[in-house]
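There are 2 protein chains.
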Amino acid sequence: MINVAILGYGTVGSGVVEVLKTNQDSIDKRAGKKINVKYVLDLRDFEGDPVQKLITHNIEDILGDEDIKVIVEVMGGVEPAYTFVKRALLAGKSVVTSNKELVAKHGAELLKIARKNEINFLFEASVGGGIPIIRPLNKSLTADEITDIKGILNGTTNFILSKMVEEDLDFETVLKQAQEKGYAEKNPEADIEGHDACRKIAILSSLAFGMHVNYEEIYTEGITHITKEDIKYAKKLNCHIKLLAESKKIKNHVYAYVAPTMINEKHPLANVNGVFNAIYVNGNIIGDVMFYGSGAGKLPTASAVVADVVDAVKHLDRNIITFWSTKEMDLINIAEVSAKVFLRIAYNDEEKAKNKVEQILGIEKIVELDNVNGEFGIVSNEWTQGEIQEKITTLKQSESIRKVYNEIKWEY
Amino acid sequence: MINVAILGYGTVGSGVVEVLKTNQDSIDKRAGKKINVKYVLDLRDFEGDPVQKLITHNIEDILGDEDIKVIVEVMGGVEPAYTFVKRALLAGKSVVTSNKELVAKHGAELLKIARKNEINFLFEASVGGGIPIIRPLNKSLTADEITDIKGILNGTTNFILSKMVEEDLDFETVLKQAQEKGYAEKNPEADIEGHDACRKIAILSSLAFGMHVNYEEIYTEGITHITKEDIKYAKKLNCHIKLLAESKKIKNHVYAYVAPTMINEKHPLANVNGVFNAIYVNGNIIGDVMFYGSGAGKLPTASAVVADVVDAVKHLDRNIITFWSTKEMDLINIAEVSAKVFLRIAYNDEEKAKNKVEQILGIEKIVELDNVNGEFGIVSNEWTQGEIQEKITTLKQSESIRKVYNEIKWEY
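These protein sequence lines map, in sequence, to chains D and E. Using our numbering, the final residue of the first sequence is 412, and nothing's skipped along the way. Using our numbering, the final residue of the second sequence is 1412, and nothing's skipped along the way.
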């Protein structure tokens, strides 16, 4: 029998207890040992709940108990999670976490401690909820050098964008509905401004490229400026707008960003809708692979946590090597990276405006909406993103152009 | 340094050598040891090729060499692969294979020998080419009880069906093109009759449900009867026709089949086109997840083989538990399983024919094509597949009906 402790009895923590109970037989069989939850750390008492007898308010009960071999950290936030996890690893206990803030900020250091102590620090649930992605990156794509990872990594924003398309609604209306249904937080900033996706792509990049990617250096843009009209333009261009997080290797350098992006409707990522997430990976041998599933939610996340617990139990005395050095990676400034961009141009003089745009940015595609007068949308030629900003500034000075706005990254 | 031997220097075998060379540094780093190919077994000499100095024609050179810790079997076919692999495992050498015939037929027995000797028998490349699916099933979905696996598991048939849709061509024309391009074999039976997909779903079912599924007992139907008109009907029904392989648990029983199936165009599997494959898995906790990638091809397959070699090297003295007992699973007879079905009805009397079909099978949807006179297509109510066959026989006896044909499984 292996004793485990769970730090935090919130949504994920209670999900973990539920999963261990629901599938106890098959889980114990796969782990090769019976998994027993000995403690649950929480400030609350949960009076009357079966979990009550496992509750402790004191982390020392857990850290000081030699019987505890695996600790599940599902409190969220950097502190006190970081202190607890670090102490647990230093005490020779393996740790499983779903905490993306913790992993993005301190993953490299915590992995190093685990490696030194021949135990494990596992975090499958920190990215993509239930989607198996961390383990495949570590264990399945080992013959490849990863060249590109791009994904829809946030369920809330994908739900909002999908609903805007399906029901022809504007951002604010859908956000309100999502909040009412519990798909978006009361304070939705972390999701809608892209911060959540940013931490996740930082974790994936660090794993794929083997060096620490500082999430604070990743260019991050949310979806709050996306309008109904943008979505109509996208449709006319046979595209879907998705909040994409990408990390790509060009020669020996990596760039990373989070930004709404127009993707061709035939691309597998374009058809990932609702709260589903997906991660598209390119390796230099395997080509393209994609992993798809529920990006969040109590049970999918708990499933990933428990799968990590099983792996931790199967490797109690052996570190599962993970390449993520503490050395920090220099990301390329996004301004130096080439891209095409979708732009809306409101004009004073249509013909002159079109000529001007063609002359400055180049026009790969041009599109107009039936119900929107006085403007057109274009897809530009490819320039570095620094050049694009300069060219937009130039366009804005043209008399024929009233407004240049709502630029959206164009992928295909 | 770890010495490995490769049995067979065909497409996959030469791919493995190429991958090990291309990404040698990162592969050795992930394996924790340098991987050295010491022998390649082949009947040919490959004179002038750098591989020539590694070639042996004698399996005893390999089996008798204590230096060899891992053997890669990429010969294909059951014999002599089975004899070689079994002897290798009995001699304490781990084996990695891409051979789906071997795994489908003897997987349970070979896994048992590996388990007994604390070595490994790995076969990620036997299903889905480069797509990581065997390892995720074994290692990532361990918290779940799998309830359903369905997939597009054959690249050739998916290429043919995709091309028939895109270019409005008939089966024979596209098959010929596929043969010219090397996407289909000269003797394409194993692909187009569904046998290849059948072996792969047998392997996945055995792993997911932990008992040996005999591929000979899986209902298997190919795509040779699918016509241009069927595809037009599907389009009108907002569907795509895919060769689906499915294995599903109902209560404590499992049924499995391979058959062309109409899938709603919004389902992620519907948008898997060309030579790509995908596997959709439902677990009782995680919900739906999907794995997508190149289902075949020299390099993707070699990538999966080499990833297994890395895993074998990392676990030289420890069996990675795989649940696939030698006990044979009783599959439910497909005739007892409920389904809806698409059918084409050529009539002598339109109104009477429609009434008859409504009365016997029930009509969920009805659809007619602009350019096809004298017939309509329907989606039936749900019946067991045995009942459906009986009802079709009854319909065929009706005077108002000239022909009932091209039934296709209806999924959504």
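The hints are simulated quantities; they were obtained by calculation from the structure and are not laboratory data. Bear in mind the structure is a predicted one, so any value in this text is a computation, not a measurement. C-beta atoms are modelled at their ideal positions from N, C-alpha and C, and glycine is treated no differently. Some clues are possibly wrong.
Unchecked claim - Quick partial rundown of chain E residues pointing at chain D, CB under 7 Å, derived from the structure:
| hint | residue |
| --- | --- |
| 1 | ASN1023 |
| 2 | GLN1024 |
| 3 | ASN1117 |
| 4 | SER1140 |
| 5 | ASP1144 |
| 6 | ILE1285 |
| 7 | VAL1289 |
| 8 | TYR1292 |
| 9 | SER1303 |
Q | Contradicted hints - numbers only | A | 2, 3
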